[in-house]
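Enquirer: Sequence:
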Amino acid sequence: MRKNKNGFTLIELVVVVAILGILAAVALPQYQKTVETSKATNAIGIANMIASASRMFFMGNGVYVSGSFDTCTNPPGPCVSGGTSACNLIACNYLVSQDWTNAAYSYSALNPGPGGGIIVQATRKSGASPGTSNLAYQDWGYTFSTTASPACAKTGTAPDCPAF
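Quick note on numbering: the sequence shown equals residues 1 to 164 in the numbering used here.
Don't read these hints as lab results, they were simulated from the structure. Heads up, some of the hints might be wrong.
[Claimed, not checked] Simulated restraints on C-beta separations: (1) F58 / A136: 17 to 27 Å; (2) T41 / N74: 36 to 46 Å; (3) N111 / A163: 20 to 30 Å; (4) A25 / T84: 28 to 38 Å; (5) I22 / V63: 53 to 63 Å; (6) S97 / P162: 35 to 45 Å.
[What the hints assert, rightly or not] Derived lysine-lysine pairs resembling DSS-like cross-links, with alpha carbons at most 25 Å apart: (7) K154 / K125; (8) K125 / K39; (9) K154 / K33; (10) K33 / K125; (11) K154 / K39.
Virtual Cβ for every residue (Gly too), placed ideally from N, Cα, C.
Construct the entire structure; sequences and hints are all you get.
Expert: Next up, the structure:
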């Protein structure tokens with residue numbers, strides 16, 4: 001009598017599971033780095049936008065704004081002419097309102113005079129999402145300067161700034 005073979009043997013299943021495990025071990029860290037690099041690229045764009053808005057605000061009001069955007073409410077409060085809160089960039093329509101508290105990076109506008117020329121700082125949030133619990137990315141950040149060339153500089157082990 002002939003036996004009909006149905007299904008896979010245990011050895012075949014173990015080999016397939018081992019191959020999938022190896023692929024996952026290689027792919028997952030690369031995927032995480034790709035996601036973090038994407039968030040970093042987005043942070044550079046937003047920080048550059050904040051730097052431009054801060055310069056325009058200075059030209060129109062004669063003062064630089066400073067402070068964290070995490071404290072800005074949505075919708076923003078009234079526009080205060082000559083006010084120095086970073087939220088004034090949003091209230092005076094120099095910058096569009098965003099969900100700053102749930103962003104992957106924390107953004108701060110700085111007065112470049114006493115701040116050594118630094119006008120914007122973006123730092124990677126840590127902890128649960130939108131932050132990261134992966135220590136390899138918690139030191140990532142960027143600064144934009146009014147005096148340095150190039151204007152964008154990375155902090156920590158973040159990817160390099162693009163050339164603007």
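Enquirer: Does each hint hold? Answer for all of them.
Expert: Hints and how they fare:
{"no.": "1", "hint": "F58 / A136: 17 to 27 Å", "verdict": "violated (36 Å)"}
{"no.": "2", "hint": "T41 / N74: 36 to 46 Å", "verdict": "violated (24 Å)"}
{"no.": "3", "hint": "N111 / A163: 20 to 30 Å", "verdict": "holds (26 Å)"}
{"no.": "4", "hint": "A25 / T84: 28 to 38 Å", "verdict": "violated (50 Å)"}
{"no.": "5", "hint": "I22 / V63: 53 to 63 Å", "verdict": "holds (58 Å)"}
{"no.": "6", "hint": "S97 / P162: 35 to 45 Å", "verdict": "violated (25 Å)"}
{"no.": "7", "hint": "K154 / K125", "verdict": "holds (15 Å)"}
{"no.": "8", "hint": "K125 / K39", "verdict": "holds (11 Å)"}
{"no.": "9", "hint": "K154 / K33", "verdict": "holds (16 Å)"}
{"no.": "10", "hint": "K33 / K125", "verdict": "holds (15 Å)"}
{"no.": "11", "hint": "K154 / K39", "verdict": "holds (14 Å)"}
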